[in-house]
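Modelling step: build the complete structure from the supplied sequences, incorporating the hints.
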Amino acid sequence: MRRFNVITVSKNDSRGARIKNIAGITMGNAIEFYDFGIYTVFAVLIGKLYFPADNEFAKLLLTFATIGVGFVTRPLGAVCIGLYADKYGRKPALLLTLFLMGLGTLIFVLTPTYDTIGIAAPILIISARLLQGFSLGGELGSSTAMLMEYANDQNRAFYGSWQMFSQNFNKLLASLIGGILGLVLSEDALTLWGWRAAFAVGLIIIPIALYIRRNLPETKEKTTDEATEKAILQELFQDYWKTLIAGVLIILGITASTYIIAYYMANYAATQLKMDFKYTVWAVTVSGLVQVVLSPFMGILTDKIGRKQMIFWTRMGIVLFIYPAFLLINKYPEPYMLFIVVAILAFFLVGNGIASIVLCAEIFPSRIRATGLSISYSFTVMIFGGFAQFFVTLLIGWTDNPLSPAFYVIATGLVSLIALLLVKETAGQPLE
1 MRRFNVITVS KNDSRGARIK NIAGITMGNA IEFYDFGIYT VFAVLIGKLY
51 FPADNEFAKL LLTFATIGVG FVTRPLGAVC IGLYADKYGR KPALLLTLFL
101 MGLGTLIFVL TPTYDTIGIA APILIISARL LQGFSLGGEL GSSTAMLMEY
151 ANDQNRAFYG SWQMFSQNFN KLLASLIGGI LGLVLSEDAL TLWGWRAAFA
201 VGLIIIPIAL YIRRNLPETK EKTTDEATEK AILQELFQDY WKTLIAGVLI
251 ILGITASTYI IAYYMANYAA TQLKMDFKYT VWAVTVSGLV QVVLSPFMGI
301 LTDKIGRKQM IFWTRMGIVL FIYPAFLLIN KYPEPYMLFI VVAILAFFLV
351 GNGIASIVLC AEIFPSRIRA TGLSISYSFT VMIFGGFAQF FVTLLIGWTD
401 NPLSPAFYVI ATGLVSLIAL LLVKETAGQP LE
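Using this note's numbering, the first residue of the sequence shown is number 1, and each one after it goes up by one.
Keep in mind that the hints were calculated from the coordinates and are not lab data. Some hints could be false.
[What the hints assert, rightly or not] With a Cα cut of at most 27 Å, we get these calculated BS3-like pairs of lysine-lysine:
#1 Lys48 x Lys278
#2 Lys230 x Lys304
#3 Lys230 x Lys242
#4 Lys48 x Lys274
Shown next, in the form of structure tokens:
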């Protein structure tokens with residue numbers, strides 16, 4: 001039988017200590033998601049610089065495929081870093097993910113364009129995305145596990161809400177920087193160096209985040225079993241395979257809707273509706289702002305009404321409103337309408353995201369939590385999130401229907417509700 005040395009973190013720490021712990025995890029998590037997500041903000045511009053193609057549609061597909069490539073290595077990172085976190089502790093894993101993300105971002109900042117170094121340019125960009133994806137694959141499971149292990153049974157969703165806060169803060173920061181650069185720089189300056197400056201922001205903050213994380217109290221010590229990695233995977237896939245399926249379904253609905261609403265709709269408005277990029281990029285800001293403001297409150301509400309209730313009602317809200325949302329921005333292709341529909345959908349996204357990530361973490365026991373959550377999240381995000389923009393761009397091309405992205409969100413949202421039949425309510429219950 002495997003032996004685990006689990007640290008008991010005091011739930012009665014001072015308010016300052018609790019804030020410091022949350023801030024340490026949240027800051028690093030936000031920077032990692034920023035470094036990964038800033039590519040999406042500048043996806044169309046980067047595509048023109050690094051991906052040669054005979055026509056604009058092919059170039060757009062290559063650009064969105066590269067967004068997806070960053071998700072291919074997330075499952076590998078989820079397994080490797082998740083196992084590392086479950087064996088050696090959460091803190092060493094979180095320091096490793098920050099370092100790897102910084103390395104990938106540095107490649108983006110320094111890589112010359114296709115016109116300068118030819119085929120080496122897209123190869124380097126794709127390599128950087130693969131490295132970033134590997135890092136982020138292990139970040140979410142480790143950071144969420146650590147946040148929730150700081151909490152007590154009555155406020156785990158509140159603590160978990162800071163995971164979503166940090167992810168949405170990255171959207172807010174990335175889109176703010178993208179929007180400001182788009183407004184103050186000429187198109188030539190933005191193309192030449194402006195987008196690189198946006199990537200460099202994350203590099204500047206990473207050393208600070210590393211310092212803060214080094215001083216966090218650990219929630220789980222190194223295990224004493226030499227065969228831990230193999231044993232963790234064996235237990236996960238033999239004893240908890242149904243839980244793993246439930247985890248994938250829980251994440252499915254929020255993943256597909258997030259990557260369409262929070263990211264794709266801005267690119268959709270620019271490419272399909274021909275809105276100016278300098279305005280459409282602010283749609284990501286609207287989504288991020290709504291979710292950043294509401295995250296802690298939705299976490300408190302999720303602790304009160306339960307995870308399953310929150311997931312059901314917010315997911316149904318997305319399913320029911322997504323088609324009218326696309327219909328409205330097609331009928332009124334103006335920035336104000338884009339901002340309105342994104343804000344409404346973001347309200348549902350934030351509650352759904354918090355309840356989903358918290359429930360997915362709670363259904364796994366501590367000894368396999370980081371690995372189970374990381375795998376459930378990363379495999380699902382790789383397929384249904386990373387390639388979402390690629391899929392719906394193909395859908396539009398095949399069907400010639402500009403509203404077809406809505407059907408992708410509706411289908412994944414409805415299928416994902418099956419998860420609620422497979423798991424018990426975990427609110428207020430002690431963690432295993």
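Comparing the hints with the structure gives:
Proximity of Lys48 to Lys278 is assessed by CA-CA distance (about 17 Å); at most 27 Å being required, the pair is judged to hold. Restraint check for Lys230 and Lys304: the C-alpha separation of about 38 Å exceeds 27 Å, so the hint is violated. Restraint check: the Cα-Cα separation between Lys230 and Lys242 comes to about 19 Å, which is no more than 27 Å; the hinted pair holds. The straight-line distance between the Cα atoms of Lys48 and Lys274 is roughly 17 Å, inside the 27 Å bound, and the hint therefore holds.
Hint compliance for this structure: hint 2 alone is broken.
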